[in-house]
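J.: Sequential numbering from 0 applies to the sequence shown in numbering that gives the first Met the number 0.
Hints listed in this document are in silico derivations from the structure and should not be mistaken for laboratory results.
Hints may be right or wrong, so weigh each one.
What the hints assert, rightly or not - Okay, the calculated beta carbon distance ranges per label pair:
(1) Val-79 <-> Val-10: 12 to 22 Å
(2) Ala-323 <-> Ala-96: 13 to 23 Å
(3) Leu-137 <-> Val-10: 47 to 57 Å
(4) Ala-96 <-> Arg-54: 24 to 34 Å
No residue lacks a Cβ here, since even glycine has one placed at the ideal position from N, Cα and C.
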Amino acid sequence: MSRSLHIALHVTAGGLLLLAAFVAGTVTEIAVHWRRFQLPLLAAGAVVLLGGVLRPPPGLARAQRGLCVVSIALIVGVAVVEVFFRVVRFDFRHQAALWQQTPPFFRKPTVPVGTVFFRRDGPLEWTGPVTRRVLEVLNFDAAAYADEPAITVRYDELGFRNEPRPAAWEIVIAGDSFTELGHLPFAELFTTWLAQALGLRVLNLGVGNTGPLTQLSYLENYGVSPATREAMLVFFEGNDLADLAYEREAELRFQATGKRPFREFRPQTSFLRAVGERIRARRARPPRNPPPPVDAWFLGQTGRVAVTLGPPPPRGADLTPATAEALESCFSRFAAWGRQHGIRTWLAYMPGKQRVWHTRLEFASAAPEALTNWTPTDLPGVVAESCARHGIRFVDLTPALVADTQVHGEPVFNHLYDSHLNARGSRLVAQALARLFMENGGPKTATVPAANRRREQLRSSD
């Protein structure tokens, strides 16, 4: 072999090794896993270049050229594979598949709505044990939900829980996960029970991971039909104020920049990063995450039931000026929307576990002081006063849930790792709302005797 070809092979191989060292140490997503190979690659590149300058014996020269060819082929091959997967946008983390395994109830909505808001995609159908599956996806011990039955949840073409979506409706109810209740069968949603109790059509516009401004956007975009006479926002005290502040900030950013946010998968397209992640995962397989600690025991009719609790609801004095302003603005817009369409507006205050179970909790010794020292706050009154200023009718669901808990000693929320209403709690909410509409001259599509019969059926199912 000619001397010039010998040198060319060494220069090419050495240059590629030095380039590989540069990539391994400077391209962030690759360097996370391959930086430790930077010095060996630099040394190898220098040695190969030096080998092209020296004149080794013929046998050693052939071996050197062979190593150069192998190095060139390996580096070029890996580079071609890396570029190919980046071009085709192949996701080595299979995020879409993981997304499909996750119950819709626990997915963030991703379809843009209005200026800065999102809804779920649809139509959609998913079958499985909802809470157990999400714990498994998150690598948590799901033993507490080992006996959870599989259910089938369906979402209409706009991503809401209506089976099917009616052509028109007398009542529309928008809210977050406490209205969606994606862990319950459709027959056990309070909107379903309410429709049966009143003999009316009720449109469910509940979506988890949303706040009041998103829900108002749902009403504006999807909530009006020729038959609509009543509209309700369900306000959850646990996180709606935080969601409201976040959504208001997003609106202000949009007003300043004209750019809306998007929620899209960012695929992990790097082959080298995928190999590094796979090696690291095999070396250190993460154990199951332990379940969150028990915060307290619910003292019920059948004994002590272990429960977990979320952050306690705030006091009215805890609201920042920005959050208080956002609340007033939201209610003002809600009331104006109702007047524009001739729709009566309501707000239902949904309490959390702590407020309903306050007198029936025995706290664990390790429970945070924020939980053990909490007493029912004035937040329902603060929200009610804001509603009154804007002509929105207010209903507090706390008394109905507390009264049933005191009389029957049965939990109305899920016990562990989840804050939502169970089937019993959902029925109680439906009963309270049915009574509210009947006592306040609600929509008159159903005859009063027929509606009364349905209310009695609802009570007897308790």
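J.: Which of the numbered hints above does this structure break?
T.: Those not satisfied are hints 2, 4.
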